Amino acid sequence: MSTDPRRRTAAPPPPPPPPPPAEPDIPIAQLDGTSDDKPQTSTQNGASQQHPGQQPEDATGGFKLKICTVCASNNNRSMEAHLRLTTPQATAASPSSSHLPYPTISFGTGSLVRLPGPSITQPNVYNFNTTSYEDMYEELKGKDARLYSHNGILPMLERNKGVKWGPERWQDWRVGVPRVGKRKRNVEVSTAGGGPVGGEEVEAAEYKNDKGAVGTEAGIVDIVITCEERCWDAVVDDLLTRGSPLNRPVHVFNVDIKDNHEEALVGGKAILELADELNAAARQERDVVGKEGLNGFDAGHAGARQGFDERVPEILAGWQERWPSLPALWTLAWF
Amino acid sequence: MGDPSQILKSLNEARNICLATPSIYPQVVPGVLPVVGPQQPLELRRWGADFLAETFASPVLAAEEKQKLSLGVLDILRRYVHRKEETGEEEDAAVVKSAVQCAASIYPLVFRHTLSTRDSAEVWAKMAGIKSYILRTMDSAPAGVRICGIKFIARVVQVQTPGLISDPRRPEQNEISLALLSRDHPVLQPSQLEAEASGLLDRLLGVLQDNSSDALVVTATLSALSLLVQRRPSISNKILMTVLNYNPLVLATGGLAKMGGKERVAVKSTTRTTMSFLLNVLKRNPNHPMAARLQQRTEQLRHSLTEVFSETGPGKRSAPDEPIDGLDNHKRMRTEQAIVNGTAPQQQQSQPGNVPPLPPGPVSYAQLFTLNADPSAAGFHVEAIPLHIVNQLVPPLLASIDQQRLTAAITAVQSRFLEYTKRPPGTALEAVKAVTGGEEDDDYDPEVTVGMAGAQAQVMNRMDLMLMEGQQQQQQQQDVGGPLQPFVLEAGPPLTDKEREEYSKLALTRVFGTLAELDKDVKTKGGKKVDGEMKGFNRLASAGLGQDRDGWVTLLIRLATRSTLDLANGEENSIVKQENDDRSLLKRGSGQQHFSMADGIRQTLLNYVMEDFRRRIDVAIAWLNEEWYSDRLAFLSLHPSKPAKEEAQNAETPSKPTMTDLPNYTAACLRTLDALATYLDTRDSRILIRFLSEIPQINPAVLDRVVKIADDPERVQMAAQALLYLIMFRPPVREAAVDAAERLWRGNEEARGAVGKILGRWRPGVLVDEEKG
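Protein chains in written order, with my numbering: chain V, -3 to 331; chain B, 25 to 797.
Hints are computed from structural coordinates only; laboratory data are not their basis.
Calculated lysine to aspartate or glutamate pairs in the EDC-like style (CA-CA distance at most 20 Å, straight line):
id : chain 1 : residue 1 : chain 2 : residue 2
1  : B       : Lys307    : V       : Asp168
2  : B       : Lys307    : V       : Glu225
3  : B       : Lys282    : V       : Glu317
4  : V       : Lys254    : V       : Glu269
Predicted, not measured: the structure shown is a model, and the values here were computed from it.
Here chain V stands alone, though its shape is the one from the complex:
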């Protein structure tokens, strides 16, 4: 597990409680290698993780919603959430579904990546999709290591380096284009020939090195979570403009998080909780039939008769009550 470097100075967390005596319902997945630290290189990303089946339920023994987090620069809030969602850890809320990483990707909706500079009028600006967190880290370290360590930028980039290769722009994301192999710059898809054409491959930028890559190979997600209303507006507007060629529904949430490190930590936690609840509902819908046969609808437990999609407003409302400081918003859109 790549730890969040910003937490290194904090007091070490209390040791986890001793595992409960072996209960029959502990999923086996928790005991195998998937709950260990996520390997950062493809060689480490070995057999235990790299299941041939890309459907996450196959690999983990549980259905996982595919999630996309979005903020302005794809650096702080969305990356904190990305890390949270892909970090295996059990939470009290729903221990059965949270110990495995969610298939996650993340984006920014801004025109450029903007990081704080020496003054408010001198931000450090980078291009999306072509600049890696590593590049930014090295450049800022060279510029003024003390300043950027002090204001948390270097630790943030260090964390981001461990999550994925570099910031990606939402508007440039071509939904449905497989995220396999190496990242490419300036990719074009010809409508006639099929498949990505051209583009130069980016060295050491394989998609599968990203945290949460497993399950998102098809380039599609079930849920988008933005971290600012502006981003939500941008995402919804972008999806309307794209004209929904894929005919695939996607729930677009907003969780309003202030753009600073502290709030991002809180927001990341809240997003994980929301994802857990949504995932539990989606899984319930699938499990009803699986467990109780095809007529399970009639005998299904509470909420089973209602599908996952239908329960989303309710789940969000419940979540909002617990997180009143993070105003939420939601809509159903189409890819």
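Since the structure of chain V is already known, use the hints to place chain B on it.
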């Protein structure tokens, strides 16, 4: 087949290969179909439906390939959605959901296949079967399936409504729509398909028309409709109107309190999605014909949403956060020591050592010994207490004196006295104040203040001024809690001559501006007089005084003639007064140095008359009459003792004494006549005659001007007529006029004919003399 998990594993491997190299989809898809068929276990069917939906949605697989593949998957799709009919089992919602997504993706492909190959009735029938089944069951299906059904409908409407043909020569490049379909297709009937699309669109819009509160369905519908607004101009207006009329705030009618968490999410979600929808349309086409309405509706929704989610609910504004100025306790904090902390003055004074300092300036013994700030105690006259009561009171009082407090009080007085003796010795000013102003300190005399703030204050001698300041200072110290004083605005600095001139000119421009406007009004109304308008002296008292042109003209004239009347009597011209005959001369002399308001008005008035003298001659006459009258008034006021004597003189020589005493009138009259004479035309004899007949007084200088008019051969007749008129109808000046006529006759050869007749009647002697001569 083996263990489903093993199969799943190999299926996933196949999928991975496809994702990495999309070109092998055509081989993989037919291969997996039997493995995920309807008779297979649920996991495999789910995988299959997902895989098919993903395949036909994939942007990396070419449309041509998809179209070929689509024919092969129709059967399996049909059996996914028809499962209940075929096997009696309800199909898993996830499978149906993916199957409907897949159907939405292949519908346009199958349509294009059908219209390009004329013998594909069977294929189309399968697709139609799937479509009708989805349409039939979607409303009772789980929500996930239902929303995918909505998207499917939107796709069908898109296909079965004519779109734009961008290039007729290359049909494969065009978007798939009804426009591609030829009229005589054996399988597809364009009119039928279009009618079906129209019906389906109504079904979609029904959700919005009913103001549905199901946020999931509403947002799914709105998002799906967006594409139709973009791509299908023929139906975009209908959709937009429906969305504009949709009210997402139905749930919120009961106010915030009645909404549960789910309702709040729903209201916010539907409203924001509607706003995004409208803004998206606006953004894509800022010149949209309905742009104003889109903008307006968005703003409206934004306001409503804020209103609903403000705590007080709709219709009420929330209370201001801060208390209004004056109610805020912090702002009301008293600075006076007496009320600090809300304790009574006595309480504070009871604390030893807490003694108010002496006021600045001279101090009386009473002040020196008064340690109590309470004015009522200080003002109390002890002698008012009867002696026997004093006798009773004093012993217990003396006994009860607290030694400590007494000591403190003595110390306080001592320190006060010391402090006072160390002050700089009093100035003469203070001494004066102590004598003269001492008694007035407590009295408030508004007249003093007002008078001092007025103009006289500036000329007061210095000591008085300083005295006043001292008083004010003291009053400021005393006036907290005292009676309110009237606020006196300080007089501004006196105007310089230059400023006064500027302001005068400005005022002049403005009053004549008003007159010009009134003239315009008269013109537009056609100059009609109101029937009920008063005539004569009372006309100025009529309701329209100052509001109509006549009233305004009168006002101006009186401003010009009367404003200087009193000033002329003032001190500045006292010398002139005695030499009253030269008043005009002196005025003129001083007028060159300073701008005189009255002369300014006179000049402007003259200009005003000359701008259109034929019509405005009445103004000139009114003005000159006023000038004459005010000159008379001035004359009388200058010679107050004369009237009786004057009357006696007047009886003998009626016009003589006033002849030379009308400086303003004479000057104004001659100037007007000079100006007039320049412009008089041969046809204007009536105007000249009117002028001469109506001015109050005619002196020789006026007649000289008339004679001079006759210098112009064309105007001889006019001058002669004017003189004749004066001779006939104005007896007081008859002699003078006949003299003028004689001068004319003698001095002007050309006038002899016309004037001769006059002289022949009124002074035939002249003609006789001439003939003799």
